[in-house]
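Novice: Protein chains in written order, with my numbering: chain A, 6 to 236; chain B, 6 to 236; chain C, 6 to 236; chain D, 6 to 236.
These are computed hints drawn from the structure, not numbers from a lab.
It should be emphasised that the depicted structure is a prediction, and the values quoted were computed from it without experimental measurement.
There's no promise every hint is true.
Repeated chains share a single entry, so a pair holds when one copy, or any two copies, can fit it.
List of simulated lysine-lysine pairs, BS3-like, C-alpha gap at most 27 Å [said to hold, decoys possible]:
1) 204 <-> 74
2) 136 <-> 21
3) 150 <-> 225
4) 17 <-> 204
5) 136 <-> 17
6) 25 <-> 136
7) 62 <-> 225
8) 136 <-> 225
9) 150 <-> 136
10) 21 <-> 225
There are 4 protein chains.
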Amino acid sequence: MISKDCQNKCLKNNIKIVQKKLVIDTFGNVSLRNHSKVFIKPSGINIHDIMEEDISKVDIYSGQTTSGKKPSSDTPTHLELYRAFPEIGGIVHTHSLYATAWAQAAIPIPCYGTTHADYWQKEVPVTRQLKEEEINGDYEIETGKVIVETLKSLRLSPLDCPGILVSHHGPFTWGASIEDAVKNAELLEYVARLAMITKQINHEANEIDPLLHQRHFSRKHGPNAYYGQTK
Amino acid sequence: MISKDCQNKCLKNNIKIVQKKLVIDTFGNVSLRNHSKVFIKPSGINIHDIMEEDISKVDIYSGQTTSGKKPSSDTPTHLELYRAFPEIGGIVHTHSLYATAWAQAAIPIPCYGTTHADYWQKEVPVTRQLKEEEINGDYEIETGKVIVETLKSLRLSPLDCPGILVSHHGPFTWGASIEDAVKNAELLEYVARLAMITKQINHEANEIDPLLHQRHFSRKHGPNAYYGQTK
Amino acid sequence: MISKDCQNKCLKNNIKIVQKKLVIDTFGNVSLRNHSKVFIKPSGINIHDIMEEDISKVDIYSGQTTSGKKPSSDTPTHLELYRAFPEIGGIVHTHSLYATAWAQAAIPIPCYGTTHADYWQKEVPVTRQLKEEEINGDYEIETGKVIVETLKSLRLSPLDCPGILVSHHGPFTWGASIEDAVKNAELLEYVARLAMITKQINHEANEIDPLLHQRHFSRKHGPNAYYGQTK
Amino acid sequence: MISKDCQNKCLKNNIKIVQKKLVIDTFGNVSLRNHSKVFIKPSGINIHDIMEEDISKVDIYSGQTTSGKKPSSDTPTHLELYRAFPEIGGIVHTHSLYATAWAQAAIPIPCYGTTHADYWQKEVPVTRQLKEEEINGDYEIETGKVIVETLKSLRLSPLDCPGILVSHHGPFTWGASIEDAVKNAELLEYVARLAMITKQINHEANEIDPLLHQRHFSRKHGPNAYYGQTK
Numbered sequence: 006m007i008s009k010d011c012q013n014k015c016l017k018n019n020i021k022i023v024q025k026k027l028v029i030d031t032f033g034n035v036s037l038r039n040h041s042k043v044f045i046k047p048s049g050i051n052i053h054d055i056m057e058e059d060i061s062k063v064d065i066y067s068g069q070t071t072s073g074k075k076p077s078s079d080t081p082t083h084l085e086l087y088r089a090f091p092e093i094g095g096i097v098h099t100h101s102l103y104a105t106a107w108a109q110a111a112i113p114i115p116c117y118g119t120t121h122a123d124y125w126q127k128e129v130p131v132t133r134q135l136k137e138e139e140i141n142g143d144y145e146i147e148t149g150k151v152i153v154e155t156l157k158s159l160r161l162s163p164l165d166c167p168g169i170l171v172s173h174h175g176p177f178t179w180g181a182s183i184e185d186a187v188k189n190a191e192l193l194e195y196v197a198r199l200a201m202i203t204k205q206i207n208h209e210a211n212e213i214d215p216l217l218h219q220r221h222f223s224r225k226h227g228p229n230a231y232y233g234q235t236k
Numbered sequence: 006m007i008s009k010d011c012q013n014k015c016l017k018n019n020i021k022i023v024q025k026k027l028v029i030d031t032f033g034n035v036s037l038r039n040h041s042k043v044f045i046k047p048s049g050i051n052i053h054d055i056m057e058e059d060i061s062k063v064d065i066y067s068g069q070t071t072s073g074k075k076p077s078s079d080t081p082t083h084l085e086l087y088r089a090f091p092e093i094g095g096i097v098h099t100h101s102l103y104a105t106a107w108a109q110a111a112i113p114i115p116c117y118g119t120t121h122a123d124y125w126q127k128e129v130p131v132t133r134q135l136k137e138e139e140i141n142g143d144y145e146i147e148t149g150k151v152i153v154e155t156l157k158s159l160r161l162s163p164l165d166c167p168g169i170l171v172s173h174h175g176p177f178t179w180g181a182s183i184e185d186a187v188k189n190a191e192l193l194e195y196v197a198r199l200a201m202i203t204k205q206i207n208h209e210a211n212e213i214d215p216l217l218h219q220r221h222f223s224r225k226h227g228p229n230a231y232y233g234q235t236k
Numbered sequence: 006m007i008s009k010d011c012q013n014k015c016l017k018n019n020i021k022i023v024q025k026k027l028v029i030d031t032f033g034n035v036s037l038r039n040h041s042k043v044f045i046k047p048s049g050i051n052i053h054d055i056m057e058e059d060i061s062k063v064d065i066y067s068g069q070t071t072s073g074k075k076p077s078s079d080t081p082t083h084l085e086l087y088r089a090f091p092e093i094g095g096i097v098h099t100h101s102l103y104a105t106a107w108a109q110a111a112i113p114i115p116c117y118g119t120t121h122a123d124y125w126q127k128e129v130p131v132t133r134q135l136k137e138e139e140i141n142g143d144y145e146i147e148t149g150k151v152i153v154e155t156l157k158s159l160r161l162s163p164l165d166c167p168g169i170l171v172s173h174h175g176p177f178t179w180g181a182s183i184e185d186a187v188k189n190a191e192l193l194e195y196v197a198r199l200a201m202i203t204k205q206i207n208h209e210a211n212e213i214d215p216l217l218h219q220r221h222f223s224r225k226h227g228p229n230a231y232y233g234q235t236k
Numbered sequence: 006m007i008s009k010d011c012q013n014k015c016l017k018n019n020i021k022i023v024q025k026k027l028v029i030d031t032f033g034n035v036s037l038r039n040h041s042k043v044f045i046k047p048s049g050i051n052i053h054d055i056m057e058e059d060i061s062k063v064d065i066y067s068g069q070t071t072s073g074k075k076p077s078s079d080t081p082t083h084l085e086l087y088r089a090f091p092e093i094g095g096i097v098h099t100h101s102l103y104a105t106a107w108a109q110a111a112i113p114i115p116c117y118g119t120t121h122a123d124y125w126q127k128e129v130p131v132t133r134q135l136k137e138e139e140i141n142g143d144y145e146i147e148t149g150k151v152i153v154e155t156l157k158s159l160r161l162s163p164l165d166c167p168g169i170l171v172s173h174h175g176p177f178t179w180g181a182s183i184e185d186a187v188k189n190a191e192l193l194e195y196v197a198r199l200a201m202i203t204k205q206i207n208h209e210a211n212e213i214d215p216l217l218h219q220r221h222f223s224r225k226h227g228p229n230a231y232y233g234q235t236k
């Protein structure tokens, strides 16, 4: 893709998370990867106040900004994830209400039903808390590292676990494309809200039967998928 | 009705459940029956991206698609219900928040008040969990069968119990017409939300007096109904 | 007022409770009194489908409909209240979420703060449950009678207690005018929601200091009121 | 600023808190300070019914209204805060749902995550209850005094703690400008809602690590801030 298309896609998807009420104020940021470059929302700016050329373009390896405004303060987290997971093409960070509340509660979201099972192969994990030297060091890089560490320790591929909760902070989601990353941010918020209400109704609710979980996940993913028009 | 009218009604009512916020993403599906044919939403598609002629037309008995795109993966569930209950003309499946949360909690919705009693003659039932062979077999047909089994074991007619919760999955509603089925999907979500809030306020809330339940249900249904303009 | 103005006001305020999301489907009804006549929503009708002349006009004493469509099935409840309380000019019945949930929980809404204290001089009462002979008799008249009984037994004037919860049913509010009755329906829903959230945060939350309650209520009501522009 | 600009800003920001659903009915008021004058919403009025010149202009020291309609009954509270804190340029009082519920629960909002830490350096405090002589005396002045007393006893500067809960009443927020005060009102509501949901998910949720709290607060505030475009 040429830079102009990347800027346009990045801007449009940053606007989308505002319209879908996943962020308020200047919170949240969406990025996409194009070869060795990342396009991301500028720092501390109302997305409705900027134009395509203001979108920050950053080199994945050097971290240098090559065009646009000063990038989101969370850019080093995005870069860390792009470097660790070549299969992802877009990343979204929000402070959406229910996903953030689960992150604040520091509890993984249990899979209570098929809505969750359609998109996450297991529960939605929560990272460990950062250590003192991580908080006081390169905080945003360490945030990326602890996400990677969590997925690897759970032996989950990023496309089977398209989002995670950062402890006492909030959700990060991703996908093969920026559009998928945004869809996963919306679904994570929905799944988080469903799970919270489920717990309110029944504090001892059981998680979904693993067989039913696997059946639903594989309806939409993998070689035996039969959901949708594409097969 | 001619096919074109059925396609139009089916499309319009699939759009309605999006507008009423009963579904997000490509979740959910609405169907109507016309003699031996069912018209239903195509699989995995954004309803705003399709036209009337894309609506899938499926034979109730053979399960063959005779026109339109590949039908919803939940079509076998709809067909099972149409075959078991000749009195229903429309079916709706959503992942609406509160009804889905009760389904995930695997608890029937108790009748706490007249809003519920106006439409369901008893509590809103929840199915048993599917067995291993049902999940790994014809899963969508088995989902239909467990709904029929639940109604029959409770000796409820489908029009006195116009919707049910499928355990760890979500709600299905129906009605004499597709419009009634959609209205019942909206009412089930409202009743589910009311019941959840009621439990939060008073964990030991009593269910409605059965006499008051019956009085309200029969204001709207049956030979002594006196609600509305039609009598 | 001439009949046409009454019909117009009644229609407009019935539309308002739909717009304010206090009712769904064909639930809810708003009425106003003009001398010995009551103007009220017709039974079981979508308010957007009717015209001014369809509004039902009913005689307060005889209960006879003198123009318009068949009136709301709750009309006898409204008439009972108008006969008991000459100071009220409008009545609203909704199934709004939080007020209905408190009614279903059959618990009076405690006064936790000044938002409540600005409009209700005490807690929001809940009626006793109806008896078998009341449910099976003139049910809608008995609903009016139990509201009157509750206010009288608590020695509350209807303008100091502009709304009540009918056990396992929902809220009724009223006011000197139909506009006040609608405003009180909206405020009751807000107060009900605030109280529910307050209880979730602190199950042992204290009610407001009675002195602060009285101070706020009398800022807006009675001879020493100093809120607003009119004094 | 000339008076006309102040009136315009005051009107616009009072409209904003209605649009952001932080108030219903005639509740809530926003003011700004210009030298020795305060511009504030008139008492008991629907903000959409007034014009710029109706905005009340009040002298901070004498409390006299020099133009516009009769000012909000909460004006003495605003004046008290302006007199105590020269660094604040705008004040907002709302009855927003979740912040008011925490005020009614009379519990400070614990800091569970970075959303809160980005704006408040500590928990969101709640005032003590007013005493009998304060309620029956100059109630609105005493409300201002107890806010000042709370901040001072906690050794918090108003810009490090841009909002507070008044016990059994509701939130007051402020900022260097009227725009910041409104933004803080919106953020306080969001933080209050997040914290409530967090508690529902995990009644024993831990507060944020103080190091992470400090890191996030200082990303946005103070000499080492690196968030946004302005550095």
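Novice: If a hint holds in the structure, say so; if it doesn't, say that too.
Specialist: A quick look at each hint next to the structure:
1. 204 <-> 74: neither (43 Å within a copy, 38 Å between copies)
2. 136 <-> 21: Classified as neither; 34 Å inside a copy, 41 Å across copies.
3. 150 <-> 225: between (29 Å within a copy, 23 Å between copies)
4. 17 <-> 204: neither (35 Å within a copy, 35 Å between copies)
5. 136 <-> 17: Result: close neither inside a copy nor across copies, 36 Å intra and 45 Å inter.
6. 25 <-> 136: Answer is neither; intra-copy 33 Å and inter-copy 38 Å both fail.
7. 62 <-> 225: between (33 Å within a copy, 23 Å between copies)
8. 136 <-> 225: Between copies only: 21 Å across chains, 38 Å inside a chain, cut-off 27 Å.
9. 150 <-> 136: Close inside one copy (12 Å), not across copies (41 Å); limit 27 Å.
10. 21 <-> 225: Both: 24 Å inside a copy, 25 Å across copies.
Hint compliance for this structure: hints 1, 2, 4, 5, 6 are broken, all remaining hints hold.
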